[in-house]
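Enquirer: Listed here are the chains, written in short residue letters.
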Amino acid sequence: MIKTLFKKDALAGLIEAVRKDGGEFVAPTLVARQASYKAVTDAAAIETDYIVPQNSFKEVLFPQSEAIATFKEAGTNMAGVEVNAKDTVVFGSRPCDAASVASLRSVFTWDFVDEFYTTREDKAVVISIACTKGDSSCFCTSVGLAPDATEGSDVLLRETEDGDFSAEAVTDKGKTFVKKHKDVFTTCKAAKEIAIFEPVKLDKVDLDKVGESLADTTHYDNDKMWGDIARKCIGCGACTYSCPTCHCFDIVDEGSFFEGERRKNWDACQFDFFTLHASGHNPRDTQYKRWRNRFMCKFKIYPGKFKTKGCVGCGRCVRVCPVRLDITEVMEELS
Amino acid sequence: MKYAREKINKNSGKDSPYLPVKATIENAEDLTARETLLTITVDGGINYQPGQFLMAGLPGHGEAAISIASPPARAKTYTIDLCIRNVGSLTAKLCALRGINTIWLRGPMGRGFDMPPRGEDILFVIGGMGIVPARSLIKAVIKKRKSYGKITILYGIKTGSELLFGKEIKQWQDSGAVVEITADAPEQEWQGKQGVVTTLIPPLDIDRRRTTAYLIGPPAMYRYVVVPLSEKGISYDKTFLSLERRMRCALGKCGHCLIGGVYVCRCGPVFSLTELTDMPGAI
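So the protein sequences, as listed, match chains W and S. Going by my numbering, 287 is the number at position 287 of the first sequence; the sequence numbering is gapless. One gets my numbering by counting positions in the second sequence from 1 and adding 335 to each.
If you're looking for bench data, these hints aren't it; they were derived computationally from the structure. We treat Cβ as the ideally placed atom computed from N, Cα and C, and that holds for glycine. Where hints are given, some of them may not hold.
Here are some of the chain S residues that sit facing chain W, going by a computed Cβ distance under 7 Å [unchecked claim]:
#1 G395
#2 G397
#3 P521
#4 R583
#5 G587
Covered stretches of chain S, as calculated for chain W (at least 3 residues, CB under 8 Å) [as the list claims (entries may be wrong)]:
#6 354-361
#7 428-442
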């Protein structure tokens, strides 16, 4: 069988080709000793020994802070901002992160279309590498994904024993990309692929049952259950910032009345002032209600309203939580 | 769930749904120590329903969701009233403009009140700042006074000094609306009724078959008003509430106003009580 092969040595050539066209090449690279998605210029900077990067690549599609309007002349002049999106290649993404793209798109395109998001996403090519290792926080198989799932990836790479990758172009965008860079995507006879890592499947987790438990709104009256579940939560918001599907943002003006920018900045539903009214009333006045909101968002709102995955099982929220409030334990409890 | 769907805006350049339009403040009148009524004109006008809101802002100070206080008009260029309570940095600025006469608006946003069916009796139960979005509907209803039956307005305030639109309320009474005002914790010189707005409901004579109720007030009021109203037999389908939420984008994206899958900014802020019974956490 003839397969498309992506040779590891070809990486430098690919980075150069992408950058020559004015594009950006994003890949895991070490930032403070942790693999993080970041724009790179040099193949040597790309980290190969990682499970999942500490950040998700949503910040490539939906920046942590971006200008949406500018103003000047003492508040009398305000203008829109053209979306400044480059052709971007996200290389070395994990299949869980790639799967979150459809989720983000569903939020940013229902009803109004947010072109700040869609323009960036349309210009991004996601090249994922199937996982050959993982850790105890990985749980993609429990949310209906797999370490070699193709959902959301334009090209999926699988590591071979020679250290190269066999490539599968998944989408049309991916096929066009492979064709365009045919000097780095070569063909060969089937190379032996390294076995895929299988995270432990949490047998007790049944997503349908979690959805049913949440759809039965009587759980809102069960303050004790939610109080017990989220008692540990300190509301730091680390889970939301690291989550590839969390999409909440704030709109703030930076600068002064005379000149400045209106910006979209990431926000987190775990903060107490996220829902605070001007009157002082707060509809989600306690931490367990805010934690419940995030859990509802993942397992009821995304699958119910947007028909997409709210949780991709990347395990970041489990890894970063300072109080070890493990979302999978709650999924088990509600199954 | 139904929601008022606007045309899908392109986001680049001047068509961005995040980009406000410039409007002119024609007049600013202090109504009380805390509230200021701004009269605004927008070129080309804005078509809106009572109960809808605008994202009103000043560059450098941010934006906030502000209810429209005036009734819709037919003319192409007409004025919009926004009643601002001074509670934060943006509203403080809007209440003390000092020579600024430009305000930036996005909207109208959300789903407002549908006009009640012809011949219907109308009951308003209003608490505090709820009078602001209510005024839009009340004035629209009074314009078509002959199309409706009894119009009853129950208005609860904390203290007499918080009474808004006092002069207009007299005009509403002159055009045949029954208005009852009660103050919860009034000053000594308060002449009117004392107590919370719920106490005004039991003595009412309501024909449940032909009454539509509009509840507009703080969440605490809703909790106590819903029970006496349903005891009067008004159906949940004909009881409408306007919810308050913190909002940032008002486009169903930013997540602040989300209640279990319902974006208040797009599907609301007006909901029937039937819709709200499926939305725990809303009130």
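Enquirer: Decide, hint by hint, whether the structure agrees.
Expert: Taking the hints in turn, this is what the structure says about them:
no. : hint    : verdict
1   : G395    : 4 Å, holds
2   : G397    : 5 Å, holds
3   : P521    : 20 Å, violated
4   : R583    : 5 Å, holds
5   : G587    : 5 Å, holds
6   : 354-361 : holds (count 3)
7   : 428-442 : holds (count 3)
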